[in-house]
Amino acid sequence: MSEYRSRVAVALGSGARFAGLHASGGVVRTALVEPGGRLQIEHTAVEDGRVESIVDLTAAANWDEREAADLYGVRFDGHEPLRPLAVHDLDLRSWTVPVRGGDAYQIAVGPIHAGVIESGHFRFHVVGDRILHLDARLFYKHRGLERAAEGHTLEAGLAYVARACGACAVTNAVAYAQACEQVLGRRPTAEVARARTILLELERLWSHLNDIAAVCAGVGLAAGAMEFTALAERARRLNARLTGHRFLFGSVAVGGSSVAFEVDEARDELASIRAESERAWRELLFNASFSDRLPDIGVVLREDAIALGAVGPAARASGLAEDARATAGLLAYDGFETIVPRRAAGDVQARLEQRALEVQQTFDLLASLLDAPVTPSECERTEPAGPIGAARIESPRGATLCIVESANGHVDRLRLRTGSYANWPVVAHAAAGNLLPDFPLINKSFELCYACADR
Amino acid sequence: MLTLLKDLRRLRRSLALPAPDRPRSLAVRHVDAGSCNGCEHELTFASGPHYDLQRFGFSIVASPRHADVLLVTGVVTTRMHAPLLAAYNAMPEPRRVVAFGDCALGCGVLGLTSELVGPVEDVLPVDLRVPGCPPTPAAIAAALVELAG
Numbered sequence: 001m002s003e004y005r006s007r008v009a010v011a012l013g014s015g016a017r018f019a020g021l022h023a024s025g026g027v028v029r030t031a032l033v034e035p036g037g038r039l040q041i042e043h044t045a046v047e048d049g050r051v052e053s054i055v056d057l058t059a060a061a062n063w064d065e066r067e068a069a070d071l072y073g074v075r076f077d078g079h080e081p082l083r084p085l086a087v088h089d090l091d092l093r094s095w096t097v098p099v100r101g102g103d104a105y106q107i108a109v110g111p112i113h114a115g116v117i118e119s120g121h122f123r124f125h126v127v128g129d130r131i132l133h134l135d136a137r138l139f140y141k142h143r144g145l146e147r148a149a150e151g152h153t154l155e156a157g158l159a160y161v162a163r164a165c166g167a168c169a170v171t172n173a174v175a176y177a178q179a180c181e182q183v184l185g186r187r188p189t190a191e192v193a194r195a196r197t198i199l200l201e202l203e204r205l206w207s208h209l210n211d212i213a214a215v216c217a218g219v220g221l222a223a224g225a226m227e228f229t230a231l232a233e234r235a236r237r238l239n240a241r242l243t244g245h246r247f248l249f250g251s252v253a254v255g256g257s258s259v260a261f262e263v264d265e266a267r268d269e270l271a272s273i274r275a276e277s278e279r280a281w282r283e284l285l286f287n288a289s290f291s292d293r294l295p296d297i298g299v300v301l302r303e304d305a306i307a308l309g310a311v312g313p314a315a316r317a318s319g320l321a322e323d324a325r326a327t328a329g330l331l332a333y334d335g336f337e338t339i340v341p342r343r344a345a346g347d348v349q350a351r352l353e354q355r356a357l358e359v360q361q362t363f364d365l366l367a368s369l370l371d372a373p374v375t376p377s378e379c380e381r382t383e384p385a386g387p388i389g390a391a392r393i394e395s396p397r398g399a400t401l402c403i404v405e406s407a408n409g410h411v412d413r414l415r416l417r418t419g420s421y422a423n424w425p426v427v428a429h430a431a432a433g434n435l436l437p438d439f440p441l442i443n444k445s446f447e448l449c450y451a452c453a454d455r
Numbered sequence: 001m002l003t004l005l006k007d008l009r010r011l012r013r014s015l016a017l018p019a020p021d022r023p024r025s026l027a028v029r030h031v032d033a034g035s036c037n038g039c040e041h042e043l044t045f046a047s048g049p050h051y052d053l054q055r056f057g058f059s060i061v062a063s064p065r066h067a068d069v070l071l072v073t074g075v076v077t078t079r080m081h082a083p084l085l086a087a088y089n090a091m092p093e094p095r096r097v098v099a100f101g102d103c104a105l106g107c108g109v110l111g112l113t114s115e116l117v118g119p120v121e122d123v124l125p126v127d128l129r130v131p132g133c134p135p136t137p138a139a140i141a142a143a144l145v146e147l148a149g
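Chains A and B, in that order, give the protein sequences.
Under the numbering used here, the first sequence has 284 at position 284, and the numbering climbs by one with no breaks.
Under the numbering used here, the second sequence has 31 at position 31, and the numbering climbs by one with no breaks.
Honestly, I wouldn't trust all of these hints.
[Claimed, not checked] Interface residues of chain B toward chain A, partial, derived using beta-carbon atoms under 10 Å:
no. : residue
1   : S35
2   : F45
3   : L84
4   : L116
Treat the hints as calculated values from the structure; they're not laboratory data.
None of these values were measured; they are calculated from a predicted model.
By construction, the Cβ of each residue, glycine as well, lies at the ideal position given by its N, Cα and C atoms.
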C-alpha cells in the first residue's frame, strides 16, 4: 500500500470520515474530517496520469474519483469499472450497472421532469414495479464554475460558488469565505460569526419548511404542501426585508460582513411563523392517509449511511450523530447539540421528522442570535495559513466542503463539494428495493439540489 | 386536515388576491437548461397561496405535447442543448418561448465557455424576457398575464 493510501486508511480507521477528493495540477487531494471537525488533507502525485484509488477504503469517494477522471483526465488504479460521471457518453453500457435476468427492464426518466424540477436523468432497472437498481446521471447543468473561477481574485471568486446553487447560496459562500480567510490571514470577529450564523439559519429555515412541503406534495397532500409553501414564502419575504434578497444573495463577503438590520421585526415574524408551523406540523402528524405513506420506504441503514458518506438531515435520520455546526469554531454555534431522532429508522418518515425537529432548533438558534441589531464588521488580521484554505459548513442538505488553492491572491483551484453531491449516491442506494411509484417521495425526502452537485 | 384547509381559506381571505379581469389560460412547460435552482424555487412558489398563479388560468403541465409556452430557466449548457430542442420540437403550434431569469437572458452568466451554449435566444426564438435573479413570483405572474394578452 502506498504512503498516501495508508495515511487515508489510518485516518479512516481512527474515526475520520471522507470529506472530498479532487484533482489539482498534478496532484490528487483527499480531505478527511476528524471527529472533532478538524480537516486533514492528504495528497498524492499523479504519475503517468494515474493515482491509486481509495474507493475500496471509502465508497464515498466514488463520485469524486469519477469526476476527477472525467474533468481532469486522472485514472484511478483499482477503481474498476471507472464509469463516466460528467462525460455524457451515449453508450448506455459505459455508465450503467449491468442488470441481467428474466423480466428486468429499464425505465428512463429525465433529464426533463414532469414538474418544476431541475434537470437530471434517472435510469431505473426494474422488475415489474420493483426497483432493482438506479443509475443517476447528473451534470446536465454542469457550467464549469470551479474551472471558470480560476485566475480570478479571491474576492471575485465568491460569485462562482454563490451562483452554484440558489438554495444553498449562503452555505456555499460562507464555506468559500472561510477558506479564503485562512489563506489571507483573516479571522472572523464575533459579530461576523454571528451575522453569518444568522444568515445560515435563515437559509435553513426556508429550505426545511420548503422540504416539508415537498414531502407533502410527494404524497399528494395538497393542503399540507400549500400550508408549508406559505410558511416558506413568509420566511423568504423576511429574508428580503432583512437583506434585500429573498434567497439572501450577496449577503456574505470575504473578509467581513456588511449586512446590517434591526432584529425586532424579525423576532416577531419568526415567532409567528414558528407558532403556525408547529400547528401545521401537528395536523400532518394526525393525518393518517399522509403518515401511512412514510414509514419503511427508502430505508438507509446506519452502516450504509456511513459507508456511502451520507451527510446532513438524511444521515442523522439514519442515526449518525454528525452535524458540522457542532464543531464550527468560526461561527456562533456555541453549545450546539446535534439532534438525532429517537426513531432513527433512515426511512422517509425519519428524514421528514428530522427536518421538523431541526426547524425547531433553527427557531431556537435564531431567537437567541437575534438579541441585538446586526452590524457590519471586518475580520481581524491573523497569520495566513498557507496557500490552501478549507472549510466545511452544514447546509440544509448536509456538510459542504470548500477548498481554495490560491496563488498570489488569486484562485488557482476551487473545489466545492456540497451536501447534495455527497448524498446523491445515497438517494440511488435508498431507491433500490422500493416500488417505482415511491421514488418521487423517496427523492423528495432528501430534496437535494442538482445545481450544486453539477456546478 | 380540516384545520389545514381552514387555515388556507383564512390565508386566502386575508390576502384577497384580485380575480383576473379576463378569461384566458396558458399551459406552461418548464425546462431547466442550466439554472442555479433559484428560478425553480420561485416558479414553484408562484403556485403557492400568496400568488396563486392558477387563478389566471396558468398551469404547469407535465408534457410539452400540450403546452402553449416553453419557459426556460438558466443559461443553456452543452448537455441540456439537445433535450431543450427536443422539448421545443414536441410542442404544438402556436408556441411561445419565455426566457426566464438573468441567466436565460445571458446577463451576468458565470461558467466555462466550453460547457455553455449561450443564452436561450441563441437556441430558440424568444417571445418574452423575464429579468431577475431570480424573478420574484409576483414578476412571474405579471409576465405570464402579459403573454396571455
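The hints, checked one at a time:
Given hint, S35 of chain B at the interface with chain A, holds; its Cβ is 6 Å from that chain's nearest Cβ, closer than 10 Å. About 6 Å separates the beta-carbon of F45 of chain B from the nearest beta-carbon of chain A, less than 10 Å, and the hint is met. Checking L84 of chain B against chain A: minimum C-beta separation of about 8 Å stays under 10 Å; hint holds. Here the hint on L116 of chain B is kept, as its CB sits about 6 Å from the closest CB of chain A, short of 10 Å.
In the structure shown, no violation is registered for any of the earlier numbered hints.
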